[in-house]
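Enquirer: If you want the building blocks of each chain, they are given just below.
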Amino acid sequence: MTGVLPVTLEESTKIVQALLYSGKEYVCVMKLHGDTTETRINEVLEEFEDTIYQRPPLRASVKRQLRTRKIYCIDFLEMDGRNVLFRVDCEGGTYIRKLCYDVGEALGCGAHMQELRRTRAGPFTESESIVTFHYVAYWFAEWQQQKDDKILKKIIQPMETALALLPKIYVRDSAVDAVCHGASLTAPGVLSVEAGIGTGSMVAIMTLKGEAVALARAATATEEILGMNHGVVAKAERVLMPRGTYPKCWKSGEI
Amino acid sequence: MPRSIAPWEIERKLLVKAEDKTSPRYGCRPEERNAEAHIRYGVINLDKPAGPTSHEVAAWVKRLLGLQQVGHGGTLGA
Numbered sequence: 001m002t003g004v005l006p007v008t009l010e011e012s013t014k015i016v017q018a019l020l021y022s023g024k025e026y027v028c029v030m031k032l033h034g035d036t037t038e039t040r041i042n043e044v045l046e047e048f049e050d051t052i053y054q055r056p057p058l059r060a061s062v063k064r065q066l067r068t069r070k071i072y073c074i075d076f077l078e079m080d081g082r083n084v085l086f087r088v089d090c091e092g093g094t095y096i097r098k099l100c101y102d103v104g105e106a107l108g109c110g111a112h113m114q115e116l117r118r119t120r121a122g123p124f125t126e127s128e129s130i131v132t133f134h135y136v137a138y139w140f141a142e143w144q145q146q147k148d149d150k151i152l153k154k155i156i157q158p159m160e161t162a163l164a165l166l167p168k169i170y171v172r173d174s175a176v177d178a179v180c181h182g183a184s185l186t187a188p189g190v191l192s193v194e195a196g197i198g199t200g201s202m203v204a205i206m207t208l209k210g211e212a213v214a215l216a217r218a219a220t221a222t223e224e225i226l227g228m229n230h231g232v233v234a235k236a237e238r239v240l241m242p243r244g245t246y247p248k249c250w251k252s253g254e255i
Numbered sequence: 256m257p258r259s260i261a262p263w264e265i266e267r268k269l270l271v272k273a274e275d276k277t278s279p280r281y282g283c284r285p286e287e288r289n290a291e292a293h294i295r296y297g298v299i300n301l302d303k304p305a306g307p308t309s310h311e312v313a314a315w316v317k318r319l320l321g322l323q324q325v326g327h328g329g330t331l332g333a
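Respectively, the protein sequence lines represent chains A and B.
Read in my numbering, the first sequence has 201 at position 201, and its numbers run on one by one without any break.
Offset between the second sequence (1-based) and my numbering: plus 255.
Treat the hints with care, as some may be off.
Cut-off 25 Å, straight-line C-alpha distance, at most; resulting in silico cross-link-like pairs (DSS-like, lysine-lysine) [said to hold, decoys possible]:
(1) A/248 <-> B/272
(2) A/14 <-> A/168
(3) B/317 <-> A/209
(4) B/268 <-> A/235
(5) A/153 <-> B/317
(6) B/268 <-> A/147
If you want a taste of the chain B side facing chain A, the calculated C-beta under 8 Å gives, among others [to be verified]:
(7) 263
(8) 265
(9) 267
(10) 273
(11) 290
(12) 296
(13) 297
(14) 303
(15) 310
(16) 312
(17) 322
(18) 323
(19) 327
(20) 328
(21) 333
Covered stretches of chain A, as calculated for chain B (at least 3 residues, CB under 8 Å) [claimed, not checked]:
(22) 31 to 38
(23) 62 to 68
(24) 82 to 89
(25) 99 to 110
(26) 135 to 143
(27) 160 to 172
(28) 222 to 233
Calculated directly from the structure, the hints in this document are not laboratory data.
Don't be surprised by glycine CBs; every beta carbon is placed ideally from N, CA and C.
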């Protein structure tokens, strides 16, 4: 299998959580074990555009319990004999091999996954920022030679790009360091908040400069956050910014 | 059943609760990080080749760049 694999460097590794559960997109060649029509294939693929049940395969390093996964979209692309090319948008942790097997069962003739390429992992796609390992090796060596920091931007993206799909809460400078110490974010520290946050949603706490402070769990929904004057808005789950980046502003009574 | 919306299809409006400025004395915009910080808080959007496991490819990157640790955003089989 080939395709989009976000590789987190050093401190950025703290954000893998945000990526593991983000959506994925694949392009897949499924090999049918019998002959059937394009119409029939389309019918069956549409049935799978729903929440499905899967048990992780033997070789997976997760608990092998039955679990549900959402298939956001399946698009038939083309067919050549018994080879079927389709695109699928799904929740992270969906086994496409098992999906092909189940589609084969539903079709009656059986099928297996022949080839797979991931075209999206969360916010990362086969866009300008995707690079091969060779490209990375080449330009890294160039950077070491030329010492031009702009070269690094060809191969490395800021950690914040990995958080593009998470809802954001922007906070005052004075609220940042407390969160860096693991304190919960409280209402007075909030400047703006994205719509659609629900209790328990994973959110990214951000500074006005666009720096990621922490991954957190919302304690309450967007509407409440906007109306609150005090109280906990979100609990930090993974602090990303080093303590002391912003000054300590813990005054009793205020933020 | 209406189909679920993929995470990248969600449009989120930013709702302002209060206004404030950020001091230039603290912190740093991601775009303005120096090389060392850019790497330390960086992610590579890598096009994984066929053959090695995701873990192996991440290990290559770690060795190439001389890093202490790397991670990856979801296993892609060999």
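Enquirer: Give a verdict on every hint.
Expert: Going through the hints against the structure:
1. Proposed proximity of residue 248 of chain A and residue 272 of chain B is supported: the alpha carbons are some 23 Å apart, at most 25 Å.
2. Distance check on the hinted pair: residue 14 of chain A and residue 168 of chain A sit about 17 Å apart at the alpha-carbon level, within 25 Å; holds.
3. With a C-alpha separation of about 29 Å, the suggested pairing of residue 317 of chain B with residue 209 of chain A is violated against the 25 Å cut-off.
4. The suggested pairing of residue 268 of chain B with residue 235 of chain A holds, with an alpha-carbon distance near 22 Å, which does not exceed 25 Å.
5. Only pairs whose Cα atoms come within 25 Å are accepted, and residue 153 of chain A paired with residue 317 of chain B is accepted, the gap being roughly 17 Å.
6. Of the pairs offered as hints, the one joining residue 268 of chain B and residue 147 of chain A is violated, with about 40 Å between alpha carbons and a cut-off of 25 Å exceeded.
7. The interface hint given for residue 263 of chain B is met, as the beta carbon of that residue sits about 6 Å from the closest beta carbon of chain A, less than 8 Å.
8. Interface hint at residue 265 of chain B: satisfied, since its Cβ lies 7 Å from the closest Cβ of chain A, which is below the 8 Å cut-off.
9. At a threshold of 8 Å, the smallest CB-CB gap from residue 267 of chain B to chain A is about 4 Å, leaving the interface hint in force.
10. Restraint check, residue 273 of chain B versus chain A: the minimum CB separation of about 5 Å is within 8 Å; hint holds.
11. Below 8 Å, beta-carbon pairs count as interface contacts, and residue 290 of chain B has one with chain A at about 5 Å; its hint therefore holds.
12. With a least beta-carbon distance of about 4 Å to chain A, the hint placing residue 296 of chain B at the interface is held under the 8 Å criterion.
13. For residue 297 of chain B, the interface hint holds, the least distance from its beta-carbon to any beta-carbon of chain A being 4 Å, beneath 8 Å.
14. The interface hint given for residue 303 of chain B holds, since its Cβ lies 4 Å from the closest Cβ of chain A, which is under the 8 Å cut-off.
15. Checking residue 310 of chain B against chain A: minimum C-beta separation of about 10 Å lies over 8 Å; hint violated.
16. Taking 8 Å as the C-beta contact cut-off toward chain A, the hint placing residue 312 of chain B at the interface holds, the least distance being around 6 Å.
17. Hint status for residue 322 of chain B relative to chain A: holds, with the closest Cβ pair at about 6 Å, below 8 Å.
18. With a cut of 8 Å, the hint placing residue 323 of chain B at the interface with chain A holds, because the nearest CB-to-CB distance is about 6 Å.
19. Restraint check, residue 327 of chain B versus chain A: the minimum CB separation of about 5 Å is within 8 Å; hint holds.
20. Checking residue 328 of chain B against chain A by beta carbon gives a least distance of about 3 Å; that is within 8 Å, so the hint holds.
21. With a least beta-carbon distance of about 7 Å to chain A, the hint placing residue 333 of chain B at the interface is held under the 8 Å criterion.
22. Only residues whose beta carbon comes within less than 8 Å of a beta carbon in chain B count, and the stretch 31 to 38 of chain A has 0; fewer than three means the coverage is violated.
23. With a cut-off of 8 Å between beta carbons, the stretch 62 to 68 of chain A has 0 residues touching chain B; three or more are needed, and the interface restraint is violated.
24. Look at the stretch 82 to 89 of chain A against chain B: 1 of its residues bring a Cβ nearer than 8 Å to a Cβ of that chain, fewer than three, so the hint is violated.
25. Beta-carbon proximity to chain B at under 8 Å applies to 0 residues in the stretch 99 to 110 of chain A; the threshold of 3 is not reached and the given coverage is violated.
26. Figure legend: the stretch 135 to 143 of chain A, annotated as covered by chain B; annotation consistent (4 residues with Cβ-Cβ distances under 8 Å, at least 3 required).
27. Judged by the Cβ-Cβ criterion of 8 Å, the stretch 160 to 172 of chain A is covered by chain B as claimed, because 8 of its residues qualify and three suffice.
28. Coverage of the stretch 222 to 233 of chain A by chain B holds [criterion: at least 3 residues with CB-CB distance below 8 Å; count 3].
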